[in-house]
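Number of protein chains: 2
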Amino acid sequence: MANAIQSSTSATRGLEGVVVTTTQLSKVDGTAGRLYYRGYSIDHLAKNASFEEVAYLLWAGHLPNASEISKVREDLVACRTAPSGLVDALRKVPLNAPPMTALRSIISLLGHYDPDAEDNGPEASMRKAYRLTSQMATLVAAFDQIRKGKDPIPPRQDLNHAANFLYMLTGEEPSDIASRALETYLILLADHGFNASTFAARVTASTLSDMHSAIVSAIGTLKGPLHGAANQRALEQFLEIGDVENVKPWFEKAKAEKRRIMGVGHRVYKVVDPRARYLRQMALQLSGTTGNPQVLDIALKLEEVVSEDPYFVERKLYPNVDYYSAPALYMLGIDADLFPTLFAMSRVVGWTAHVMEQWANNRLIRPRAQFIGDLDLPWVPLEERP
Amino acid sequence: MANAIQSSTSATRGLEGVVVTTTQLSKVDGTAGRLYYRGYSIDHLAKNASFEEVAYLLWAGHLPNASEISKVREDLVACRTAPSGLVDALRKVPLNAPPMTALRSIISLLGHYDPDAEDNGPEASMRKAYRLTSQMATLVAAFDQIRKGKDPIPPRQDLNHAANFLYMLTGEEPSDIASRALETYLILLADHGFNASTFAARVTASTLSDMHSAIVSAIGTLKGPLHGAANQRALEQFLEIGDVENVKPWFEKAKAEKRRIMGVGHRVYKVVDPRARYLRQMALQLSGTTGNPQVLDIALKLEEVVSEDPYFVERKLYPNVDYYSAPALYMLGIDADLFPTLFAMSRVVGWTAHVMEQWANNRLIRPRAQFIGDLDLPWVPLEERP
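Residue numbers (this note's numbering), protein chains in the order written: chain A, 1 to 386; chain B, 387 to 772.
Incorrect hints may have been included.
In silico BS3-like cross-links for lysine-lysine, where the CA-CA straight-line distance does not exceed 25 Å [as the list claims (entries may be wrong)]:
{"#": "1", "chain 1": "A", "residue 1": "Lys148", "chain 2": "B", "residue 2": "Lys478"}
{"#": "2", "chain 1": "A", "residue 1": "Lys92", "chain 2": "B", "residue 2": "Lys644"}
{"#": "3", "chain 1": "B", "residue 1": "Lys656", "chain 2": "B", "residue 2": "Lys644"}
{"#": "4", "chain 1": "B", "residue 1": "Lys641", "chain 2": "A", "residue 2": "Lys92"}
{"#": "5", "chain 1": "A", "residue 1": "Lys92", "chain 2": "B", "residue 2": "Lys687"}
{"#": "6", "chain 1": "A", "residue 1": "Lys92", "chain 2": "A", "residue 2": "Lys71"}
{"#": "7", "chain 1": "A", "residue 1": "Lys150", "chain 2": "B", "residue 2": "Lys644"}
{"#": "8", "chain 1": "B", "residue 1": "Lys639", "chain 2": "B", "residue 2": "Lys687"}
If you anchor each label on the Cβ, the simulated ranges turn out as follows [what the hints assert, rightly or not]:
{"#": "9", "chain 1": "A", "residue 1": "Pro225", "chain 2": "B", "residue 2": "Lys639", "range": "22 to 32 Å"}
{"#": "10", "chain 1": "B", "residue 1": "Asn678", "chain 2": "A", "residue 2": "Arg385", "range": "10 to 20 Å"}
{"#": "11", "chain 1": "B", "residue 1": "Gly507", "chain 2": "A", "residue 2": "Pro115", "range": "37 to 47 Å"}
{"#": "12", "chain 1": "B", "residue 1": "Thr675", "chain 2": "A", "residue 2": "Val380", "range": "43 to 53 Å"}
{"#": "13", "chain 1": "B", "residue 1": "Glu454", "chain 2": "A", "residue 2": "Gly17", "range": "22 to 32 Å"}
{"#": "14", "chain 1": "B", "residue 1": "Glu454", "chain 2": "A", "residue 2": "Glu118", "range": "51 to 61 Å"}
{"#": "15", "chain 1": "A", "residue 1": "Glu16", "chain 2": "B", "residue 2": "Lys656", "range": "21 to 31 Å"}
{"#": "16", "chain 1": "A", "residue 1": "Val380", "chain 2": "B", "residue 2": "Lys639", "range": "45 to 55 Å"}
{"#": "17", "chain 1": "B", "residue 1": "Gly719", "chain 2": "A", "residue 2": "Pro115", "range": "30 to 40 Å"}
{"#": "18", "chain 1": "B", "residue 1": "Asp415", "chain 2": "A", "residue 2": "Glu68", "range": "45 to 55 Å"}
Hints in this document: simulated from the structure, not taken from any laboratory.
Beta carbons: idealized from backbone N, C-alpha and C, even for Gly.
Whole structure, please, built from the sequences with the hints as guidance.
Written as C-alpha cells, this is what we have:
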C-alpha cells in the first residue's frame, strides 16, 4: 500500500509545483533568491519602506502618495482599540494554551464584533483588512499581558504600527533601532506566494465564506511547526545548544540521530532566502544594543558549520527566514512562544490581500483524491461481525 | 490580463480534477452516482447502519463488532458534556452572528480545554475525534438555546447521538421517525472525498498544526454558500417561492435573470447525487408526520420543472444533497440558519478521519501560484509619487 501511495501520486503529493491560480501579489523566485511584492523587490522595501506603506502596496496595488499614506496611517491607528467585550471573554477561558491557539480563538471572536463581517464586497473587505491588521497587534499584546496576570496596555495613537506593538507589549517606548528592526521583520514576512497558510485562507474564501473565517484558517495553518512555529523551534534549538562551544558537537550528534535542523532549507528557495539576509543584518544590529547576543553567536556559528557540511551543501539547504527571525525577535525581548503570533501579525497583510484577490475572480478550490481502498464490500449484520 | 488568467491556468483553476494525494476513506464516483465509505456503499449504510457505526467505520477502518460498538457508544456518550467555562464565555460574546461563525469560535475555544490538544499521536487524535463529534452536537444545541435567551438543555445519556441532539434542541424526546431521519442525514454527509472543507482541514493539518485548528479551518470553509450554506440557501429559495403555484413563474424569472438555482448541480456528480435520493425519501416520510409539508411540495415541483428544462438536462444538473436536506431539516423543526451547523455535525466525522489519515503519511500541502504582475519596478521616494 505504501508503494501504491508513492508511485501513483508522487508528481503532485503536497501539490509541490502545482499551479492553483494566478496572482499579482508576490513573486517568489526560488532559483535566483528574489522576492517581489507587487513588482517591488523586497530589497527596496526592507531598506526604504514603512510597514504601513507595504501594507497599502499589497492591498491597493501601488505605493501610496503623501495623501494616501497619511490616510492609511490614520485609518490603521483609528481601529487599534479592540472590542472590550472580547477582552472580557478572553479572561473567561484558559490562556495556558499556545498563543497561536489563543490567537485563533481571538480572531474568530473578533468576527462577532465586526459590522462588516458578512460583507465580502471590496470596500468592506478593505476595511476588514485594516481592522484585522491593527487589532491583531493589539490583541496579541493584550493576550500576553492577561496571561501574565496584568492589564492590557492601551494602544498609543502617536506611534507607528511596529513601535506601538512593542509599547503595548512592554509599556515602554522602544528605541528607534528596536522599532525599525520589528518593522523590517513585519515587512519581510508580509507575503510569500501560496505558502500553506495563505493557501488555506484562499481555500476558505473560495466557498464565499467570510474574511474572518479565511484568516482564522490561515492562523490555524501557520501554527504548525512545518510553517509558522519554525521560528520558535529555531530559538529553542539555539537555547538547547546553549553555548558557541557546543555547536559543533551538537550538530554532529543531531546529524547522527537524523534530527531536522530547524530553520534550514525551504521548499521553494534553492539559494539563500533573500529575507534571511536582512534578518541576519537586523540581528547583528540589535546585538550591539542588547546585553544578550549569545543566541545570535550560536546561530552564526551553526550557520558556518552547516555551510561546510557536504550533506547541506549538496542539497542547497541554507538558513531560511525562520533561522534569523529567532535571534532577532529574542533580542527584541519577545517570548519564544509568541514568535508565531509575530509571524501572523506580518502575514495577515498578505492573507487579507489574497482573500480580496481570490474574491475578485473566484473559483471554488476543490481538488480530488485518488481512492486506493476497497470497494463494494458486502454488508455484514452486527451479530455476524468477527 | 483577464485573458492571461483564463488561458494560462484553465486546466487547474480551482484544482478541478487535480489529485492531491491518496485516500482510503471515501470514494465519490461522479459518473455512476455512487458513494462509498471505507468500501461500503452508502446504500448499505443509509439503510442499515447507525451514526455511531458509521463514525467508527470511518475512523477505525472497519465495521465495529458487538463489543466495539458498545464501547464506541459509551465513549461518545461519556464526552457529551461541554466545558462549563466555555458556555460561560459564550454568554459574553454577541451571538447574533451567523451560527457558523459561533461554531467556529466555539470549536476554537474548545481546543483551550482539551487535555490532548497538542498531541497529534494516533490515540490522542482518536480521543479528540470522539470529543469533537459529541461536543459539537452539545454546543450547537447550547448555542441555539443561549441565543434564544434560554438555558442549555443538558445531554441525555440514554439516547443515541441523533435523538440526543434533537432532545437538546427542543427539550422533547423525538419520534423514531424524526430521530432516524436525522441519523440518516448525519450518515449521508459524513464524508465526501476532498470537498473544500475537508481539503482545508488537511492543508491545516499538513503543517503539523493541531486537530482543533484543522476542524476550525473546515468549519470556516464549510460556512460559505458554495459549500455548507447551500442547504440554508435552498430552503430560503423554497420559502421565497412560497407556494407550489408560484414554482413555474419563479423559475422562468430566475432563468431570465440568470440566477443560480440553489441545490442544483455538483462539481463531481454528473448523474443524480446518490445522497439526494435518500434525503428525498426521508423528506417524503417526514411529510407524513408533520403538518408542514409545503416546502417539500415546492421542492418536488421545482425538481420536475428543472428536469424538463433543456439547459439543465443538457448540463446534467440535478438536485444535489443540499436540495432535499432543506425540506428534511425544516420538517425536523430546525431553524434554517442552523442548517450549515448540522452539516458540520455530520462532516466532523470525515474531517477528523481525514486529519488522522493526513498525519499517518504527512506531506506539507504547499502549491504554487503563477505570478502575472509587474517585476523589477524602480523604487520611487514618497515625495515623488504621483
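Exercise for the section: Please name the hints from earlier in the document that this structure breaks, with their numbers sorted from lowest to highest. Expected result: As far as the earlier hints go, 2, 4, 5, 6, 7, 9, 10, 12, 13 and 14 are violated by this structure, in ascending order.
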